[in-house]
Every structure is written in C-alpha cells, then in structure tokens.
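> Next come the chains, spelled out residue by residue.
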Amino acid sequence: MGKGSTPLLKVESLAIRFGGLVAVNNLSFEAREGDITALIGPNGAGKTTVFNCITGFYKPNQGTVRLQRGERSFELQRMDGHLIARKAGVVRTFQNIRLFPGMSALENLMVAQHVMLMRSSFYSVAGFLGLARYTKAEAQAVELARYWLEKTGLTSYADWQAGSLPYGAQRRLEIARAMCVKPILLCLDEPAAGLNPRESDDLNRLLLDIREQERISIILIEHDMNVVMQISDHVIVLEQGRAIAGGTPAEVRADENVIRAYLGAPEDEELPDFVETET
Amino acid sequence: MAAQSHHPSHSAAALIKDALIASVVAALLAFPLLGFRMQDSAQGLSLETRLTWVLYAAAIVFLGRLGILVLRQQLAGRNFRISLPRPGFLSSVFAHETRTIIAVLLIIIALLLPWLPFSDRSLIDKATLILIYVMLGWGLNIVVGLAGLLDLGYVAFYAVGAYSYALLSLYFGWSFWICLPLAGLFAALFGVLLGFPVLRLRGDYLAIVTLGFGEIIREILVNWQSLTGGPNGITGVARPSFFGLPMLPPSGDGTSFSEVLGIDFSPNHRIIFLYYLILVLALLTNFFVLRVRKLPLGRAWEALREDEIACRSLGLNPTTVKLSAFAIGAAFAGFAGSFFATRQGFISPESFTFIESAIILAIVVLGGMGSQIGIVFAAILLVGLPEWFRGLEEFRMVTFGAAMVLIMLWRPQGLLSHREPTLRLPQPAAEARKHG
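As they're listed, the protein sequences go chains A and B. Numbering (our numbering) for the first sequence: 831 to 1109. Numbering (our numbering) for the second sequence: 44 to 479.
So here's chain A without its partners, still in its complex pose (with noise of 0.2 Å):
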C-alpha cells in the first residue's frame, strides 16, 4: 500500500543489551519514504528501546540505523542525539510526554526552531543588536509556530504554559513541536495513549495530513489497533525484541505468529480487537 519504495530508514541486524537482558535482539526492518509505519508488539517488546536507537538515546551493541536523506546517508547509530535531529532530520516525541512545562505553547515552538534562529542570528549577536536580519528570521518562525498551532488546534493555547494545557492538548503540542524543526521522519512514541476516542480520531487526521500535505514520513509505536489499523501502510510486530511479523495491516492482522504472541503470552495481554478468531 506504500505509496514510497525506496527505503528512508534501514535497521539492519539491530542489538542491545542491558547487562543480561537482551532488549533488542538482530532486529531488521525498513521504512519507506511517505509511509507511515508501525510499530507494535506486547508490552516490553522492545519498541521503545529501538526508538532510543533510532534517535540516538542509546547506542547499540550492534547493527546498523541508516538513514537516507536525498544524496546524503546517515549512519544513525553513530551520531550524537541532537546531531540526528538537526543533520538527519529524525524528530521524536516521548511516551512521557516532555514538553517544556514552564514556558508557553509558543515558545516550546520557537525552542525547536532553535537551530535555524541561531544561525540567522549569528548565534544571538544579531538579534542582540536587533539586526533586520534576526527580525525577519523570528517572524518566519513564528509564522511556521502559528501555521502548526493552527493544525493542531492550539492556536487559542498559544500563550497559555504548556503543562498547563490539558492532556490531550499537551500530546498535540509535542507533535507540533517536533513538526517545527521541519523534520524528514516523525517518530511518535504512543501518540494516543491516554487521549479519548474523539481527540485519537483528530490525531489519526492529523498524522494522515502531515503525511499527505507536508509529505513527512511517520514511525509510530501504538497500543491503540484503532490508530494503527487506520492510518499505517506498513506494521511491524516486535516480539521479545524480534520482528516475528511485517505488511499492511490486514496481512499482519491474519498472521499466525501475531495471533500467537498475543494469546499466548505468558501474561494474561489483553487480546487486541484486531485479531481475528475467524476459524
């Protein structure tokens, strides 16, 4: 179903360990430019463990994280966190919602532009002095700020303190921060955990249009099937740190080792609507 086919980021081989637990274990899969792909497995399957990996918060043991950015190749897996940010164009939001609390909506937008604003501003210098030069930089990007506020339905939240915000405007907010350092691929770490039928229904909107109009590949980690099974061109299922399944939704959906691994897990997993006990 992808519209892409070329591969835009590449696992191959991916491990980590902490002391004796093997987090991830020879993880290898693809995403493909203009895809919106996931990643879903029981709890502790090690999604967010390749997540950190991908974004440079852990280093792994092994493998390899490559990026494809036009002409230019990244090797993820060796590059600082905030380099893989602003060279690679790999943005993240976290599970745990991190915004910054004490600072308005806004300015949590102008932070992410943070890097496009020092450097047209000679590092400060020139917005010290008050430079045209800075001005002009500090309107675009409170234009590019009010442009996602809009998107996301914040625009009235604008100057309110971001942890003030309700919960759901909070989630919103993050993606929308992560969406102003104009990155090349979205990874979105539980994006609707925690937010109600209605607000994961806009969120599914939101992410269908940020994939279709900005054109921005999505890697997303989900529990909600809802979110995944509607929007996802590509899932993959991670396992105790191994992809035992990967397609479109209704391949993953009629997959034996998915059936599998959500009904024979030792815990009693809560079996997700979408598995099918056709017989």
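Calculated directly from the structure, the hints in this document are not laboratory data.
Quick partial rundown of chain A residues pointing at chain B, CB under 8 Å, derived from the structure: (1) Phe930; (2) Gly932; (3) Met933; (4) Leu947; (5) Gly957; (6) Val972.
Each residue gets a CB set at the ideal place from its N, CA and C atoms; glycine is no exception.
Here the structure of chain A is known, so what remains is to put chain B in place on it, guided by the hints.
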C-alpha cells in the same frame, strides 16, 4: 457565631495548653541563644548565665500565642483570619505594567540617590554594596534562574574577576577600563573550565561539584603566595580614574578630576563615582539578561532548565547551551569582581568564601527564580537588612534569620516568581481572541 469557622471554638484550658507548649519550645530555643553570654574581662573570657532572659522569652511567647489564639477565635465568626497576604498577592500587585512602572521608579530613585537630602556617605556605601550583589544576583540568575544549573561556587568567578584586575593593574599598570573586559573574559574562561567536568551533572551533584570548584579557587588564591600574596591578599589596587582623570587630591599639575573640572576636591566624589559606576554595570547586566531572554540563546537556556532530553531531541546541543550559560554568567561575576577590587583597593581570599556564594544564591532564590526585580528586593533584604540591623548587635543575625524564615514561609516560591512569556502570538484573527 462561629458557624462558618474552620476552627471550632476551644475551651480556655485548650488555649492555655497550646500557648504553654509554644512557650516551652521558645524556652528550649532561647536557652542556648539567650541564656549565655560571653564576658570579656581583664581575667579573660568568662561565661555569664542569663536565665531570666529565657524566662522573659518564654513569657512573651506564652502571652503572644495566647493573644493570637484568642483573637483568632474572636474573629473566626466573621470569617476573617489573621494572616499574611495571600501568596498570589505580590504577583497580582506586580502585574506586567505595574512591574515596568516599579522598575522605572527604582531606576529613577537609584539615579537620584546621591543627591537626595538625607543621603550621606554611609548610605551611598551601603547602596553600592547592595548594587554589587544585585549585579551578582542578575549574573547568577542566568545560570540558576534561566538555565536551571544549581551553582554553589559562583563566588569563584567573582574572585577571578577581582584578582584579574588587581594583578593586571599591579604587574602591567593597565587601567581599570582595559582590565574590566579582560576580567570578564578570564572569568568566562573559568566558567567554561568549570562547565566541562560538570556537563553530565544536574541538581545536587552539580551543586556539590560547583561548591568544590569555589573552594579550589579560594585555596589556590591562599596558597599561590608568589602571585596572589596568599592570605595577605593584594594591597594598593589601583583606584579607578574618571576616564583617565585620577580622583585624587589636587597634585598641582592640573591632572586630577577636581582640577580639570575646576571644582573643590572632595573625597565624596569618588564614592559617588563608584556608585554610578556599579549602577551602570548592574543596569547593563540587567539589560543584557532581559534582552537575551527573548533571543534563541536565552530560550535555549530556559528550555534546558525545563527538559534537557527534550532539548536534545529537538537538535539543541546541551553542551554548548550549558557552557554558554556558565561562561556568560561567570563573565558578569568577573565584571563585578573587578569593580569590587577597585572599590576596596585591597583584596584577599577572605572576601571570597562560600558564604558569599550562599548569599548570592539566596538572593536569586528569594527573589523568585528568574525574576529580575525580585532580585533587587531580595538583595536589599539580604544585604541591606544585616547592615541596617547593626544597631541590634548580637541579635542581628537572629533577626536576619527570622526574617528569612518568615519570608520563606510566606512565599516559598520567592518574592516574585511569576514568569512572563518571552513573546506572545500576534493575533490577526478575531476568532482566535474569543477563545483566549
């Protein structure tokens, strides 16, 4: 009568019991504080006991507590409690516009201070001292208030600035105006030097390392005798000149400040000049901080305080953000330090002990982290009060401590802790305003 009260009326016995407990606590506290007094006589030191004072203290607390309880009960029915103004009080009084007005008023008062009828040499001296701490507070505010890096060794940069000026003027004979930027630069270098080893630390751990750093600098000053004069310090640090005109008694060759201006020489000229000098330096610091807050660099500092991991995920390099905060914060301490050296004419490691760092940090915290005006009031309280309390002799520090405790009970978040966003969304659409 007390139908709506949260405090049901107590019997007289319960009130007396409450007051008795308070007076026992007071007596226990007063015993070591008031009960003994060192007596310095010809035979040497002797200890005098003053147990009656303890009884007085207990009696005062007993009566006072009883009075408060009775009053409270009387007023309870009227839904009125004796209490300090509500915590929101100051923030609402100090709304944005009011704050600007107060800031302007403060600056006008500060500018006119030497010319007010009641001002004398000692007042200007005190004001100069307070301004030094205001400047240090504003400088430390960058590191602690904005970037959220708890620094307990800030006085080290103050010392570096002071010694840079003293040594440069001593060995090279350079003037204050050349040394001032150099002192700031050296202090900034030391800021980076401190910054590197603590890049991975936060909170308590960072505080411990910075505390150690402050002590290291002081120890170096004490022990590097050949350069710094050790514990004896450096005497005869050059006084500042009025842009090249020395502020000295007329020497006859027509080069001193009073001769060139054709006015009578007065030692007060230098005092007033020093006062204006630190006022300008402090205001420059303030201007810098207010301006940089609205720039990418300042926002990055605040973002770092809020969430370092989120910063990294957005492409900000936490290393450079931290180092820039340390360096720029230290530079202002360096400027203040060289002013201190030129004002005193004498510096020694004694002036740069941990207690100085603690006072500067207390000014920032008490002022309300990140609030510029709050720091002014906190500096007046923390530096000014002990000076004006000198009349209270041995109770000076007790009074000071009590004032601190009261303020922290009243406003644990600092005097002025309200944060204004650095920019607001310009609103072209009318419908957006409806929701806001």
